[in-house]
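The listed protein sequences correspond, in order, to chains Y and U. Residue numbers for the first sequence follow UniProt numbering, beginning at 1 and rising by one. Residue numbers for the second sequence follow UniProt numbering, beginning at 1 and rising by one.
Keep in mind the hints are simulated off the structure, nothing from the lab. Hints may be right or wrong, so weigh each one.
[Claimed, not checked] Which residues of chain Y face chain U? A few of them, derived with a C-beta cut under 8 Å, are: (1) H46; (2) R51; (3) M53; (4) Q55; (5) Y63; (6) L252; (7) V268; (8) A304; (9) K340; (10) T374; (11) P375.
Quantities reported herein were computed from a predicted structural model and do not represent experimental measurements. Where a beta carbon is used, it is the ideal one built from N, C-alpha and C, also for glycine.
Number of protein chains: 2
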Amino acid sequence: MQYSDRILNTPSSFIRNILKVTEANDVISFAGGLPNPISFPLEDMHTSIDRAMKQHGAKLFQYASTQGYLPLRQYIADKYNRRYSLQIDPDDILLTTGSQQALELLAKVLINKGDGIIIEEPGYLGAIQAFTLAEPTFYPVTLEHDGLNLEQLEQALQQPNVKFIYTVPNFQNPTGLTYSLEKRQQVYDLIARHDVILVEDDPYGELRFEGEHLPYIGAGKMENSVLLGSFSKIVTPGMRLGFIITKNKELLQHIETAKQATDLHTNVFSQYVIADYLLNNDLTQHIQKIKDLYKMQSDTMLQAMTTHFPTHVSYTKPEGGMFIWATMNNGRSALDVFEKAMEQKVAFVPGNPFYVNSGDNNINTMRLNYTNSTPEIIEEGIKRLASIL
Amino acid sequence: MQYSDRILNTPSSFIRNILKVTEANDVISFAGGLPNPISFPLEDMHTSIDRAMKQHGAKLFQYASTQGYLPLRQYIADKYNRRYSLQIDPDDILLTTGSQQALELLAKVLINKGDGIIIEEPGYLGAIQAFTLAEPTFYPVTLEHDGLNLEQLEQALQQPNVKFIYTVPNFQNPTGLTYSLEKRQQVYDLIARHDVILVEDDPYGELRFEGEHLPYIGAGKMENSVLLGSFSKIVTPGMRLGFIITKNKELLQHIETAKQATDLHTNVFSQYVIADYLLNNDLTQHIQKIKDLYKMQSDTMLQAMTTHFPTHVSYTKPEGGMFIWATMNNGRSALDVFEKAMEQKVAFVPGNPFYVNSGDNNINTMRLNYTNSTPEIIEEGIKRLASIL
Chain Y
1 MQYSDRILNT
11 PSSFIRNILK
21 VTEANDVISF
31 AGGLPNPISF
41 PLEDMHTSID
51 RAMKQHGAKL
61 FQYASTQGYL
71 PLRQYIADKY
81 NRRYSLQIDP
91 DDILLTTGSQ
101 QALELLAKVL
111 INKGDGIIIE
121 EPGYLGAIQA
131 FTLAEPTFYP
141 VTLEHDGLNL
151 EQLEQALQQP
161 NVKFIYTVPN
171 FQNPTGLTYS
181 LEKRQQVYDL
191 IARHDVILVE
201 DDPYGELRFE
211 GEHLPYIGAG
221 KMENSVLLGS
231 FSKIVTPGMR
241 LGFIITKNKE
251 LLQHIETAKQ
261 ATDLHTNVFS
271 QYVIADYLLN
281 NDLTQHIQKI
291 KDLYKMQSDT
301 MLQAMTTHFP
311 THVSYTKPEG
321 GMFIWATMNN
331 GRSALDVFEK
341 AMEQKVAFVP
351 GNPFYVNSGD
361 NNINTMRLNY
371 TNSTPEIIEE
381 GIKRLASIL
Chain U
1 MQYSDRILNT
11 PSSFIRNILK
21 VTEANDVISF
31 AGGLPNPISF
41 PLEDMHTSID
51 RAMKQHGAKL
61 FQYASTQGYL
71 PLRQYIADKY
81 NRRYSLQIDP
91 DDILLTTGSQ
101 QALELLAKVL
111 INKGDGIIIE
121 EPGYLGAIQA
131 FTLAEPTFYP
141 VTLEHDGLNL
151 EQLEQALQQP
161 NVKFIYTVPN
171 FQNPTGLTYS
181 LEKRQQVYDL
191 IARHDVILVE
201 DDPYGELRFE
211 GEHLPYIGAG
221 KMENSVLLGS
231 FSKIVTPGMR
241 LGFIITKNKE
251 LLQHIETAKQ
261 ATDLHTNVFS
271 QYVIADYLLN
281 NDLTQHIQKI
291 KDLYKMQSDT
301 MLQAMTTHFP
311 THVSYTKPEG
321 GMFIWATMNN
331 GRSALDVFEK
341 AMEQKVAFVP
351 GNPFYVNSGD
361 NNINTMRLNY
371 TNSTPEIIEE
381 GIKRLASIL
């Protein structure tokens with residue numbers, strides 16, 4: 001049996017492949033990317049389940065529309081209009097099976113084999129995987145401390161058939177970096193001159209525990225803006241609920257057709273329950289708890305790195321989100337260090353899979369997740385890691 | 001903006017497009033394909049939710065494995081081994097976001113642009129949509145009263161790069177037809193000589209209310225067998241839970257990679273809850289209730305058709321499932337009759353979208369769903385329909 005080119009070229013997740021070694025009981029793992037389960041609002045969700053079932057009965061269990069449950073789309077529209085001064089209505093929103101699906105649908109409706117996608121380097125692994133299924137040409141643009149490198153971006157925009165630019169403007173995965181206000185404006189100015197879609201993927205935006213909230217790059221300002229959101233990091237990832245916001249009606253129509261052909265519609269039980277939860281709880285208060293937790297964990301890891309890491313290692317200081325990105329400036333390769341680290345029973349993700357051409361053995365970066373370990377474990381893990389750097 | 005060829009060629013669902021007219025309050029609709037909501041086990045599901053949350057807590061809300069929850073895969077393996085004498089284990093199963101996703105994943109990992117798919121004609125519209133995203137060449141083979149036309153199948157198997165054959169052997173959508181035992185054997189004998197995958201999609205198989213259960217065509221007998229199942233018609237469709245069973249490890253590995261890139265994993269809350277429901281309730285008894293209900297509704301519709309339809313209309317007599325397929329043998333086109341029927345406030349699905357080349361205006365068939373109307377409504381709707389045939 002001959003399989004399709006698209007699947008033979010799709011990398012399976014490096015992160016999932018190393019799970020077996022990194023999730024052994026005696027290993028301290030900074031390799032994951034999971035929200036801290038103590039942040040899940042179990043009791044309030046249970047109350048919402050009971051109420052939604054009582055109120056809507058069989059509707060929670062029946063087939064439903066592809067676009068998604070209207071009250072939930074209304075909630076999202078209201079929130080984004082109020083909070084980010086967008087002017088959207090529920091018809092500008094489509095609910096997806098997690099925002100991973102949004103990525104896959106976007107590439108599906110926009111990319112013919114060989115068409116261009118501009119992506120941050122390093123970039124989100126899940127996006128690289130999802131996009132690869134549509135067989136694009138990737139044009140990676142270096143992500144600097146304040147956002148995309150503008151010269152590289154300008155050059156990439158000259159390439160043939162570039163359909164969209166994929167960005168994670170807040171607390172990016174894997175680097176934890178956030179675009180500056182100035183860089184947002186510069187990126188917008190550059191893009192606005194081209195017939196290209198700007199995708200802003202913002203799963204972590206509400207998890208800002210330091211600094212000021214910044215406006216989106218393109219959302220609310222350009223028709224070819226696509227904003228992706230998710231309830232995975234602020235309510236629950238297990239219910240797989242994300243959303244696409246765009247004022248481009250034609251694009252959204254195509255995405256709806258693609259979604260219908262892909263899985264008919266998003267889990268409707270989860271849509272009703274999460275809508276009920278959002279409408280009956282103080283989400284701001286809930287998110288504040290998550291932020292306090294993650295800030296404490298981030299501070300702990302940064303403090304431990306300052307204390308224990310050799311000076312040749314530099315790293316980002318995230319203002320939110322879930323990751324720190326470290327760079328070794330002494331010629332060591334991350335894959336080499338990963339092997340040594342596993343001997344010391346401490347795990348991280350070597351930078352390699354976050355680069356579109358990840359075959360490069362000279363990659364000297366690593367992603368460290370701080371949201372899933374206690375302060376004591378963070379301190380001990382960083383100490384172990386420092387001993388082999 | 002130029003969209004992808006694959007989305008420009010994907011038909012949006014005719015059925016969903018006519019929903020606005022067919023779902024008006026004063027319209028009797030036989031157009032849908034929904035399970036009867038009175039068959040949803042609401043109370044038992046609520047009990048399972050409470051129990052699963054108590055037992056597993058945050059695990060119901062966290063990210064999880066792409067392949068799916070092991071106890072649920074174990075349940076499926078045990079059931080199919082016991083009931084259908086297969087010899088599968090949980091590792092031969094992957095859980096999907098409804099069986100619609102299984103269709104899309106299969107085409108994704110098997111089809112390069114132009115590769116062949118053999119499909120029943122008429123065939124399941126959702127499959128036509130899902131497969132179209134991979135830009136295949138369709139080789140339709142006429143579905144006769146007892147299964148695929150063998151001569152056409154043999155010819156289609158000679159075509160270049162045919163990757164798989166898609167069949168719905170029990171109570172097919174849209175026709176309600178079931179492959180005979182003899183035809184199953186003949187199809188198997190033909191296929192076994194080719195390097196081609198046989199997909200048996202069986203969402204309705206357990207809803208047999210007449211006749212004897214028949215063995216699968218290829219499942220349990222050939223390595224290149226793929227069997228699809230779903231909880232949509234026997235527990236709940238809203239939770240979007242289907243599954244793929246295959247002993248072909250390489251194929252399943254590719255599907256898992258594709259699934260991961262597509263939506264990471266299936267809704268884990270639903271997996272735990274449905275697993276709990278299945279392990280703690282008598283599913284056979286629950287299914288018997290659905291079968292009794294659907295048999296009564298099917299009998300009512302067939303009886304009304306016998307009484308009211310003119311003799312030039314022939315129709316299938318389903319032994320299970322949800323649909324009757326009618327053929328007008330007097331030269332009328334189904335689209336023409338559909339318009340007249342809407343004037344009489346009765347709806348069905350004209351046969352057109354179930355043919356790969358649905359542009360043909362001479363299609364004289366219609367799909368009638370009986371699972372969502374009371375006997376009185378069925379009688380009245382068939383009477384109205386008869387008046388314009």
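(request) Check each numbered hint from earlier against the structure, then list the numbers of those it violates in ascending order. (result) Those not satisfied are hints 2, 4, 6, 8, 9, 10 and 11.
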